[in-house]
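S.K.: Sequence:
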Amino acid sequence: MKEWVAVLKAADAAARWHVHQRRKGPPKEPYINHLLEVAMLVAEATGGNDPTLLIAALLHDAIEDSEVPAELIASTFGDEVALIVKEVTDDKSLPKEVRKTRQVETAPHKSQKAKVLKLADKTSNLRAIAASPPADWSVKRRIEYVEWAEAVAKGLRGANPWLEHQFDEAVAAARRSFAPA
Numbered sequence: 143m144k145e146w147v148a149v150l151k152a153a154d155a156a157a158r159w160h161v162h163q164r165r166k167g168p169p170k171e172p173y174i175n176h177l178l179e180v181a182m183l184v185a186e187a188t189g190g191n192d193p194t195l196l197i198a199a200l201l202h203d204a205i206e207d208s209e210v211p212a213e214l215i216a217s218t219f220g221d222e223v224a225l226i227v228k229e230v231t232d233d234k235s236l237p238k239e240v241r242k243t244r245q246v247e248t249a250p251h252k253s254q255k256a257k258v259l260k261l262a263d264k265t266s267n268l269r270a271i272a273a274s275p276p277a278d279w280s281v282k283r284r285i286e287y288v289e290w291a292e293a294v295a296k297g298l299r300g301a302n303p304w305l306e307h308q309f310d311e312a313v314a315a316a317r318r319s320f321a322p323a
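So the numbering used here is basically just the index in the sequence shown, starting at one, shifted up by 142.
Rather than coming from a laboratory, the hints here were simulated on the basis of the structure.
A hint or two may mislead.
[Claimed, not checked] Listed next, the in silico DSS-like pairs over lysine-lysine satisfying Cα-Cα at most 30 Å (straight line):
hint, residue 1, residue 2
1, 252, 144
2, 234, 282
3, 238, 252
Take these sequences, add in the hints, and give me the full structure.
M.R.: Below you can see the structure in the form of structure tokens.
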């Protein structure tokens, strides 16, 4: 029971830490929707049996997007959660193209938990591109994002078959969203 209190505490922290952020699509959904979707994917992929990974899923963008110190995550939610979050966090001091290349290069070397989390994150992002792409993204940019996400996911394969299927469905939906009828 105690771990579910921690999960709810993480959801509350995620909502507070990302309160002013919105998704890039035209409806400008609250960013917490993305964090909850990633957590839901992780929960389904693990049968709800890994509260630590679920907490990390809720907090996975806290360092990168809200500059929450890893030490705060560790002191509040534990070292394992902080390590998983750090493992999936991009170094924002690097240029975007370098960060994208590093995601492809490092994906195969991530821990099992980080692979599951990263695959859930990419799945959620692809679902958003299919349903509500950023208004300023051209078809070319959307295609490039899908291809890059597939390159990252190639290194994550073997982590969770159910989640890999969800990812593949999200890729197909994204491709349908920009293909001629």
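S.K.: State for each hint whether it applies.
M.R.: Hints, one by one, checked against the model:
{"no.": "1", "hint": "252 <-> 144", "in the structure": "holds (28 Å)"}
{"no.": "2", "hint": "234 <-> 282", "in the structure": "holds (24 Å)"}
{"no.": "3", "hint": "238 <-> 252", "in the structure": "holds (20 Å)"}
Taken one by one, the earlier hints all hold for this structure without exception.
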